[in-house]
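*Asks:* So you can see what is in the structure, the chains are spelled out below.
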Amino acid sequence: MSRLLLGLMAALPLLAQDARSIVDEAQKRSRADSQRYEGTLEVRDAKRKISTKRWVYERLGSAGEAKAVLKFTAPAEVKGVALLIHNHPDRASDQWMWTPAVARERRIAFQDRRTRFFGTDFTFEDLEERDVDRSTYKLTGEEKLDGALAWKIESTPKAEARSQYTRIALWVRKDTYSFVQAECFAKDKLVRRIRYTDLEKVQNIWTARTLEVHDIERDSRTVMKLEKLQYNIPLAAENFTLQALRREQ
Amino acid sequence: MMLLRLITWPYVRKHMLRCLLTTAGIVLGVAVFVGMHTANQSVLYAFNQTVDKIAGSTQLQVTAGETGFPEEVLERVQSQPDVEVAVPVIEASVQTGLQGQGNLLVLGVDMTGDRSLRDYDLNSTEDATIDDPLVFLAQPDSIILSEQFCQRTGLQMNGKLTMQTMAGPKQFTIRGVMKSGGLASAFGGNLAVMDIYAAQMVFGRGRQFDRVDIALHRGADVNAARARLQTLLGPGLQVDPPSSRGQQFEAMAQIYSMSANITSLFALFIGLFLIYNTFSIAVTQRRSEIGILRALGATQGQIKRLFLIESGIAGLFGSLLGLGLGVLIARGIAGYISSYLGEMYGVAQRAEEVSADPRLLGIALFLGVATSLIAGWIPARSAAGVDPVKALQKGRAQVMSEGENRARKIAALVMLGLGIACVFAGHKPLFFYSGYMLSVLAVLLLTPALCIWLSRLLRPLMKWMRPVEGALAADSLLQAPRRTSGTVAALALSVALVIGLGGIAKSSFEMIREWMDTALNPDLFVTSSESITQRSFRFPYEFGDELRQVEGIEELQAVRTARIVYQGTPVMLVSTNVESIANRVNMKVIEGDRETMYRQVSRGEGVVISDNFALLRRVNTGDMLELLSPTGLLRTKVLGVVADFSDQQGTIMMDRELYRRYWKDDTVNVFRAYLKPGASQSDVRQRLLDRFGAKTRLFVLTNGEIRAFILKITEQWFGLTYVQIFVAVLVAILGIVNTLTVSIADRKRELGVLQAVGALRNQVRHTIWMEALAIGALGLMIGFALGAVHLYYILEITKRDIAGMRLEYRYPIGIALTLLPVMLGAALLSGAGPAESAVRGSLVEALEYE
Amino acid sequence: MILITHLQKLFDGKSRVRALDDVNLHIRKGEMVSLVGPSGSGKSTLLNLIGTLDKPTGGEITLDGQRLSGLTDDQLTQVRRDKIGFIFQFFNLLPSLSCEENVSLPLHLRGWGRKQARDRAIELLDLVGLGKRVEHLPDELSGGERQRVAIARALSVYPPVLLADEPTGNLDTTTGADILGLVRDVHERLGATVLLVTHDRSVAESCPRTITLRDGHVVDDTVRAASR
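Residue numbers (my numbering), protein chains in the order written: chain A, 1 to 249; chain B, 250 to 1099; chain C, 1100 to 1327.
Don't read these hints as lab results, they were simulated from the structure. There may be inaccurate statements among the hints.
No more than 27 Å apart at the CA atoms, straight line, and that leaves these computed lysine-lysine pairs for DSSO-like [what the hints assert, rightly or not]:
| id | chain 1 | residue 1 | chain 2 | residue 2 |
| --- | --- | --- | --- | --- |
| 1 | A | Lys201 | A | Lys158 |
| 2 | A | Lys79 | B | Lys944 |
| 3 | C | Lys1231 | B | Lys553 |
| 4 | A | Lys225 | A | Lys152 |
| 5 | B | Lys639 | A | Lys79 |
| 6 | B | Lys639 | C | Lys1154 |
| 7 | B | Lys755 | B | Lys961 |
| 8 | B | Lys886 | B | Lys961 |
| 9 | A | Lys152 | A | Lys201 |
| 10 | B | Lys553 | B | Lys263 |
| 11 | B | Lys658 | A | Lys79 |
| 12 | B | Lys925 | B | Lys913 |
| 13 | B | Lys961 | B | Lys837 |
| 14 | B | Lys886 | B | Lys925 |
| 15 | A | Lys189 | A | Lys138 |
| 16 | B | Lys553 | C | Lys1154 |
| 17 | B | Lys639 | B | Lys553 |
| 18 | A | Lys158 | A | Lys189 |
Sample of chain B residues lacking proximity to chain A, with all beta carbon distances greater than 12 Å (derived) [unchecked claim]:
| id | residue |
| --- | --- |
| 19 | Ser391 |
| 20 | Arg424 |
| 21 | Arg456 |
| 22 | Pro490 |
| 23 | Ser537 |
| 24 | Asp766 |
| 25 | Glu803 |
| 26 | Ile839 |
| 27 | Thr880 |
| 28 | Arg884 |
| 29 | Ile955 |
| 30 | Thr963 |
| 31 | Gly1007 |
| 32 | Arg1014 |
Simulated DEER-style distance windows between Cβ atoms [claimed, not checked]:
| id | chain 1 | residue 1 | chain 2 | residue 2 | range |
| --- | --- | --- | --- | --- | --- |
| 33 | A | Thr210 | B | Ser306 | 51 to 61 Å |
| 34 | B | Ile669 | C | Gly1139 | 52 to 62 Å |
| 35 | B | Arg1089 | C | Val1233 | 32 to 42 Å |
| 36 | B | Val1006 | C | Thr1273 | 35 to 45 Å |
| 37 | A | Ala186 | B | Thr880 | 48 to 58 Å |
| 38 | A | Thr241 | B | Gln405 | 40 to 50 Å |
| 39 | B | Leu253 | C | Asp1173 | 56 to 66 Å |
C-beta atoms are modelled at their ideal positions from N, C-alpha and C, and glycine is treated no differently.
With these hints in hand, go ahead and build the complete structure from the sequences.
*Replies:* This is how it looks when you write it as structure tokens:
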């Protein structure tokens, strides 16, 4: 379930894979030391009400060591609101939110990660980078999705991961090793489906430019588009701290 | 049972009005008891309900009295492994300025995660009721209102609502609506939710939280987790289940209960005498009936039982009426208590539902019936003692129970002796309360003897006023002391009750006035809320420097008041610049040396406590106080005791520096400003408002306004007392009406004879008037004396058990003088009806037998 | 039935009054005796003592074989309940109760059930000729009728002894005769022992035995051979 939001995919085909190594390979191929893009987010709820937001995303480091800052740029009401994420290989990530109007950062407590990410259909947990070893995997078959053949893998988060999900079904394209779909289950009930489309090779990394999250229960969809995507650009480590967020005020 | 139907019912039917009057005392006693307690309980219940609703699934809460605590506490709480969810909360009560909507309780919560703990009902299936959570958080003017409130006010999503903030009135945008039910129904929907950090800013709270609400992991042992958290956080923070907030409130409500109990007791006592009186007379009236029954084979036991059952039924009937009336008046009283607590403690609490506790009703019923049975005991005994032979002989009255008078007098004197002994026996509650009871009982038992004695004294006066009628009336009193003494006792009790209640009110007012003269002497008070009891908004300390710049201000004292919990009771902590206070304020020093104690306190070497704190908590100068602060235990010495009426539960005064060190709180509620000589209050006030009014929320109150406010609160506090006085007077009047009605009926024949031998109707009329006046006068005289005793005791009770107020004994002469015409007038009026019926009735009928 | 020996009754007032002094009498079961004498001679006192309403100062009354001295008030009441029926000069009916209720009152005092008491009361009212006046209040009745109700009440438990204190004293001659007839009728039909205090010479003489009291002493005790 790693890198759902920012999922990147690798391309080289391998033989005789077991489920875990497929996921591991997929993660390896998407690895980059840093990343930057401008995102557009559109939420369509059951009443077809649409709200749009834009932000800039920067990440330094990868997987379990990654630090990321997500800064909203539009609409005006939310401009300047930022999210700082510090991932850890061995435990849940630390997340802080910065609200410029009250000049305060707020720590998103561990127990809050199952709540929705600001009215989108993501949860805070979905934003985490997670080490491959925090789940177990099982290959359950192959399916054709969007015209391409994909492995279907069932991933079960280990207890220590304290996930809100009981299992996740993953589809990994056989040709590019990129994630194309994930279905998240809580107590055997499908709660969220995520689709990765507009696959494009950016700086030799297969990247989905469009993500669609469908909250089944609420029948609400969030569509996210990644623009101006760059990998391995120089980013200063001190920008990924709370002090940096405060300084910018 | 059959006897009741055959004997009692026809009698009751014939004397319906009289029977109703007889039970009046019981009705009112039970009603006051039920009404006051039900109101108290309902307010308490409503409070607990609200606490529950606001608490949601919170299992434990971390608080530090009213002072709040630094944000870091949250992370310490979250680090505890038992804790599943821990969320910070800020509460503030805010005026909306909307007509008739009252205050809004604003709950500042962390919107990023709190929702699992409380049922905001925001994630309803059709629609997210917060329009956009990101916008909500990004904009500090965002609030969520309840659907109820929106419907009442016509406000809608994205509409604007103006609320008072630290920076003056400010518009808020409604970015969410809570569905009704759950949290949204607390405070009748007068509830708003906003982001906690926005709330900190808006209410000037700095980096402090009021509370952390905690839900534990499933299956965690709440008590064990509580103990672990308490150890982790130290003694300055309280870790309690949400329900314990009600307990603090209970302490406040308790004072009302005590006063209600005393009044109910008196009303029941009065009821006792009314019933005793009516039954005694009824026994006399029904002598021949009793004689017939005895001749027909009724045993003494049967007769006695018949009368006891009658009094029991009267008691039951009166109690039931009282229960109904009590529940009825409870609603009004509940509203009253709520609004008082709102003013005094800033807890806006409406009791939506007034429901009586079945146990309370049971107790009230028992008290009413028991009182009635006790009252009926002696009449029932004398009914059983009726000699059938004499009863069946015509025209012979039986003089009943001679010698009982002496026994009573002896008992009274013994009680009086014991009562006085109790005063000297020491201060143990047992002695004290028995002394109280014994003295009252002694006076009541002496009443018949006193009646005769005083009637003799009155006789010449009455004779002088009206030679014939006066003498007749006086003789009637002298001949039938049994008939009058019951009424006189009831009347005396009412008068005593009024004197006691009035005395305590008078004394309190005078003491508070004196205290205001010495302690509340600044010219202006600069506050952050419209009322000095509201502490939702606070100034930063530095604001004082700006204020000092204003022309005309000579000296400024920054005061931070906050309730903290001392040994389970909320008490008031006042932190201020003690040195400056010592120079300006001249509160009466009860213990300690004025000079040295203030100097030491200003150096942070100890605290000064209020007199009521000392009395209620049994603390004296030199004792060590253990105060719980968010940073740990503060052991500090009591350096002195002063007369201070700031808070009913007691006040601790400490220096600002010490407070800042331990409570990490640098905010201020009130700046007390003394003006330079010659500066006018209104000019400086205007200057302050001009300079700061636009950018800061501030109110400038003059000395006079503060005094008026305190007097108003005191007045409100005694408001219920006045209701009790009214009840007492009412019972007394009913008592006189009852006795005179009965006594005239009893003497129809005698009055008939009087007319037959040539008395004019007017003479008969005047005789009865004189008698009524005399009864009133007797009741007043004995009541004034009993009132003096009663006042002494309730002042003592107030001092030791209720408010810890050392009130001086001041006999309410004004009230006594007012009672004079009221009671005499009432007596005269209640004599009028019976007098008319006596002269209007047919002479032949009156002289006829049976 | 009634055995009286050395009976004495003193009243303590401003001066001591000897209401009865050394009275000895024996009244057999089923006798009908009239008691005469001037006012204050002790007739009513004697009647009250026999009726257990009052206690003697000295002497002994034995009623149906039971000695009354030494009995407690409750025990005396018990005797009165079971053995004595009272008829008064002023009827002493409770004005608020109907005839039936007045008659059943003593039965209720004995704890009879409502239905049972009512049946007996109606039976008795029939007996005294007031079967049609069951639900009337005493005020709606004539003097004679009231006394009939009182007699019915006195008979409620069919007591062996009937004590009548001037039962005709408050009635006109004709009605008095009627009531006397009724008493005699009851006496004969039920075999009750009747003791009747009267001022009326003719009433007294209509009884088989007449006892005359004066100043607390029995001065005459006449037994007539045949009645009427």
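*Asks:* The structure should be examined with respect to each hint, and the outcome stated for every one.
*Replies:* Results for each hint:
With a CA separation close to 32 Å, the supplied pair A/Lys201 and A/Lys158 exceeds the 27 Å bound. At most 27 Å may separate the alpha-carbon atoms for a hinted pair to count; A/Lys79 and B/Lys944 meet this at roughly 26 Å. Taken as a hint, the C/Lys1231 and B/Lys553 pair is broken in the structure, with Cα atoms around 35 Å apart against an allowance of 27 Å. For the hint linking A/Lys225 to A/Lys152, the alpha-carbon distance of about 25 Å falls within 27 Å, and the restraint holds.
Taking the CA atoms of B/Lys639 and A/Lys79, the gap is near 105 Å; set against the 27 Å cutoff, the hint is violated. The suggested pairing of B/Lys639 with C/Lys1154 holds, with an alpha-carbon distance near 13 Å, which does not exceed 27 Å. A C-alpha spacing of about 14 Å is found between B/Lys755 and B/Lys961, which places the hinted pair at or below 27 Å, so the restraint holds. For the hint pairing B/Lys886 with B/Lys961, the CA-to-CA distance comes to about 35 Å; that exceeds 27 Å, so the pair is violated.
Between the alpha carbons of A/Lys152 and A/Lys201 the distance comes to roughly 22 Å, so the proposed pair stays at or under 27 Å and holds. For a cut-off of 27 Å, the pair hint linking B/Lys553 to B/Lys263 stands: about 21 Å separates their Cα positions. With a C-alpha separation of about 91 Å, the suggested pair B/Lys658 and A/Lys79 falls outside the 27 Å cut-off, and the hint is violated. Distance hint between B/Lys925 and B/Lys913 is unfulfilled; the C-alpha atoms sit about 33 Å from each other, more than 27 Å.
With a C-alpha separation of about 23 Å, the suggested pair B/Lys961 and B/Lys837 falls inside the 27 Å cut-off, and the hint holds. Restraint check: the Cα-Cα separation between B/Lys886 and B/Lys925 comes to about 35 Å, which exceeds 27 Å; the hinted pair is violated. Note on A/Lys189 and A/Lys138: the hinted pairing holds, with a Cα-Cα distance of about 19 Å set against a maximum of 27 Å. Of the supplied pair hints, the one linking B/Lys553 and C/Lys1154 holds, its CA atoms being roughly 21 Å apart against a limit of 27 Å.
A distance of roughly 18 Å separates the Cα atoms of B/Lys639 and B/Lys553; the hinted pair therefore holds under the 27 Å criterion. For the hint linking A/Lys158 to A/Lys189, the alpha-carbon distance of about 18 Å falls within 27 Å, and the restraint holds. With 12 Å as the threshold on Cβ separation, the claim that B/Ser391 sits away from chain A is violated: the shortest Cβ distance comes to roughly 9 Å. Annotated as non-interface, B/Arg424 brings its C-beta within 12 Å of a C-beta of chain A; the closest such distance is 10 Å.
At roughly 9 Å, the least C-beta separation between B/Arg456 and chain A is not larger than 12 Å, which violates its mark as non-interface. Every beta carbon of chain A lies more than 12 Å from that of B/Pro490, the smallest distance being close to 20 Å; the non-interface claim holds. Look at B/Ser537: its CB is around 86 Å from the nearest CB on chain A, clear of 12 Å, so calling it non-interface holds up. For B/Asp766, the condition that its CB be more than 12 Å from all CB atoms of chain A holds, with the nearest at approximately 45 Å.
Once the 12 Å rule is applied to beta carbons, B/Glu803 is consistent with being away from chain A; the minimum gap is 37 Å. Interface exclusion of B/Ile839 from chain A stands, the closest Cβ pair being 47 Å apart, more than 12 Å. For B/Thr880, the requirement that its beta carbon stay farther than 12 Å from each beta carbon of chain A is met, with the minimum near 22 Å. With 12 Å as the threshold on Cβ separation, the claim that B/Arg884 sits away from chain A holds: the shortest Cβ distance comes to roughly 35 Å.
The non-interface label for B/Ile955 is consistent with chain A: the shortest C-beta to C-beta separation is roughly 34 Å, beyond 12 Å. The claim that B/Thr963 is not at the interface with chain A holds, since no C-beta of that chain comes within 12 Å of its own (minimum 41 Å). Here B/Gly1007 stays apart from chain A, with its beta-carbon at least about 98 Å from theirs, past the 12 Å limit. Taking the minimum C-beta to C-beta distance to chain A, about 83 Å, the non-interface status of B/Arg1014 holds against the 12 Å cut.
Taking the beta carbon of each, A/Thr210 and B/Ser306 are about 39 Å apart, not inside 51 to 61 Å as hinted. Our hint of 52 to 62 Å for B/Ile669 and C/Gly1139 holds, since their Cβ atoms are close to 55 Å apart. Judged by the Cβ atoms, the range 32 to 42 Å given for B/Arg1089 and C/Val1233 holds: they are separated by roughly 36 Å. Separation of B/Val1006 from C/Thr1273 is about 37 Å and conforms to the stated range, judged on CB atoms against 35 to 45 Å.
For A/Ala186 paired with B/Thr880, a C-beta distance near 43 Å fails the hint of 48 to 58 Å. Distance hint check: the CB atoms of A/Thr241 and B/Gln405 are about 42 Å apart, consistent with the given range 40 to 50 Å. One distance hint, 56 to 66 Å for the beta-carbon pair B/Leu253 and C/Asp1173, is violated here, with the actual separation near 21 Å.
When held up to the earlier numbered hints, the structure conflicts with 1, 3, 5, 8, 11, 12, 14, 19, 20, 21, 33, 37, 39 and fits the remainder.
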